[in-house]
Amino acid sequence: MAKALIDLGWINLEEKLWLKDGMTWAEIQKQATGAASAEENDFVAKVDELCTFSSAEERDKILSGLRWMGLFSDQMPTLHSNLLDTLSAQLEKLCNFSPGERDLVML
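The numbering used here numbers the first residue of the sequence shown as 176 and each following residue consecutively.
Keep in mind that the hints are not guaranteed to be accurate.
Unchecked claim - Per label pair, the in silico range of CB-to-CB distance:
no. : residue 1 : residue 2 : range
1   : D260      : D235      : 23 to 31 Å
2   : P274      : E190      : 13 to 21 Å
3   : D278      : K178      : 20 to 28 Å
4   : D260      : E233      : 26 to 34 Å
5   : C270      : D223      : 22 to 30 Å
In short, the hints are calculated from the structure, not lab data.
Owing to the predicted nature of the structure, the values given are computational and were not obtained by experimental measurement.
Note that CB positions come from ideal geometry on N, CA and C, so glycine has one too.
Please build the complete structure, drawing on both the sequences and the hints.
Here you go:
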């Protein structure tokens, strides 16, 4: 997934002046990747063009992850000045712990 996000331009701290209030995830994805439109089928075509996959199963997992993150949706994100911080704000919402949940790290 990390490689796909890099290939799609999401792991980028460069300020994007085109990030404006009122934009949806689909509009951001279109602008960031150069997709033909803000339609999901055009995003999928752009993902296929920009990313390499070892198998059809890996491709399906990546697309599923991008959908889960909401990157193809018409929802409005919490915008920041760059793509990485905008994506990070979304992941912070999605990965937030519910009451009683805990994280465990073992080394």
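* To do: Return holds or violated for the Cβ distance of P274 and E190 against the range 13 to 21 Å.
  => 37 Å, violated
* To do: Take the C-beta atom of D260 and the C-beta atom of E233, compute their distance, and say whether it sits inside 26 to 34 Å.
  => At roughly 27 Å between Cβ atoms, E233 and D260 fall inside 26 to 34 Å, so the hint holds.
* Evaluate the given range 23 to 31 Å for the C-beta pair formed by D260 and D235. => Once the Cβ atoms are compared, 28 Å apart, the range 23 to 31 Å for D235 and D260 holds.
* Has the hinted range 22 to 30 Å been met by the Cβ atoms of C270 and D223? -> Check passed, 27 Å falls within 22 to 30 Å.
* Asked: Do D278 and K178 keep their Cβ atoms within the hinted range of 20 to 28 Å?
  -> 24 Å, holds
Hint compliance for this structure: hint 2 is the single one not met.
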